[in-house]
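Q: The residues making up each chain are set out below.
2 protein chains.
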Amino acid sequence: MNILITAGGTSEKIDTVRSITNHSTGRLGKEIGELFLAQGHRVTYITTPQAVQPTKESNLTIIEIDSTKELETTLLEQFDHQKFDGIIHSMAVSDFTTETTLSEDLFIEKLAAKLTADGHLPDATDLRETLYRSLDEIGKTIQQEKKIPSGTDRLLLFLKKNPKIIAMLRKQQPHAVLVGFKLLVGVSTEELIRVGQSILIKNNCDLVLANDLEEIQGSHHKGILIDALGQTETAQTKKEIAQLIVKKVEEKWRNQ
Amino acid sequence: MNILITAGGTSEKIDTVRSITNHSTGRLGKEIGELFLAQGHRVTYITTPQAVQPTKESNLTIIEIDSTKELETTLLEQFDHQKFDGIIHSMAVSDFTTETTLSEDLFIEKLAAKLTADGHLPDATDLRETLYRSLDEIGKTIQQEKKIPSGTDRLLLFLKKNPKIIAMLRKQQPHAVLVGFKLLVGVSTEELIRVGQSILIKNNCDLVLANDLEEIQGSHHKGILIDALGQTETAQTKKEIAQLIVKKVEEKWRNQ
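As they're listed, the protein sequences go chains A and B.
For the first sequence, the working numbering assigns the number 638 to the initial residue and increments by one for each residue that follows.
For the second sequence, the working numbering assigns the number 638 to the initial residue and increments by one for each residue that follows.
What the hints contain is simulated information worked out from the structure, not anything from laboratory work.
Predicted model only: the values in this text are computed from it and were never measured.
Among the hints, erroneous ones may be present.
Since the list gives no way to pick out one identical chain from another, each pair is judged satisfied if it fits inside one copy or across any two copies.
As the list claims (entries may be wrong) - Only pairs whose alpha carbons sit at most 30 Å apart, straight line, appear in this in silico DSBU-like list of lysine-lysine:
hint, residue 1, residue 2
1, K751, K839
2, K884, K798
3, K650, K819
4, K747, K650
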């Protein structure tokens, strides 16, 4: 099979020296990649600079990206000249990217000017609408400085929605076996399965691996693999998760 | 000499999986640490998990921290039982830490409520004051969620000032030879020296290493070491910067 794996975590730049990072060691992606390779499959592996990588070999192509936008561009380039049989989307992708950063002082100056643009304040009934429009204009028009000014007590960071990568994967590669990932924090097993299923349905995945940050520690990594029939299998380590995913993806591919 | 080095870059948590990171490879700190050790000095080395570290040896103690607040606590603990002769503060410390994160919808709801708290909008003359007070209250009172909600188009992140570590270093260890660092982006040599000098005076440093991100690439790393008399020496690599700093710190210590 021709396999695509995304792993690691994206970073969204705030300025030239700071960014918002989604933490991910990439160790689970590495396990999955190495197991697909060991089974004789070809792997295109898209990851981020901080994450660990599978051991290099001839059937493996590694591509590094930083931001969600770069991930999107890189994936579209790949889809231009490759068709994948299986896609394992384990990268921790930022839902939001930075739009603008401004000091409290500048924000209040801009907001006050917008609220009183008509020579007076809006009616209480028009207030919310004016606030939405003002925030939108401030978010879109204020140019980001090269480095954030340090002489202010409070900064406001505007973040805007990133493109949804998982939806794009299904749209671009309709016949691939698609595995989505969902990481939650401190929820029950029932909730984990419920959210995993909803992600599977919403994004038209074949499988979703649901896991909880509080169940990942050292070699222990609990993961629940959910399929489109709602059936679940549970693994307790990264190796077991990799084995489950490779087995299920191969099965689904054979049965298509 | 008993030397303290800070290196790497701090991270400020947004939620359990995301943080704002100040990028720093720690490679310059490693060079400086290893050169002090090679000269027979004792080194306490405070760094961050992503940064490279000096090669372990008996005269070296390494301590890892994440956030600026943790750095402050760790330094104060060290100062309780150690007196340092030289302090090299090369860590990229975040000027701001996360205060709260909220969706545009929740922000506008809260702000509209505060603006109309008296049953009507404030006068245009009171508007700014009301906006400052409202932002302050929203920043301080809204509890952060475990993971940011993804179902909103825009997020607002409130950041507040971190404690100034360099000022605390001088206050706590008045007799140490103190070396500050200043990283700028895309400025002239004159501007670099001007800003470096102002940092030196403001924080009562003995030396400041001023460098420009655009002059750091591969083995090339231009650094200008400025002393309290305004004299400067320029290095072109990390090794040369380390040599300059070790030489100057030893000299200043001998001449005290």
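Q: In ascending order, which of the hints set out earlier in this document are inconsistent with the structure?
A: Numbers 1, 2 - these are the hints that the structure violates, sorted from lowest upward.
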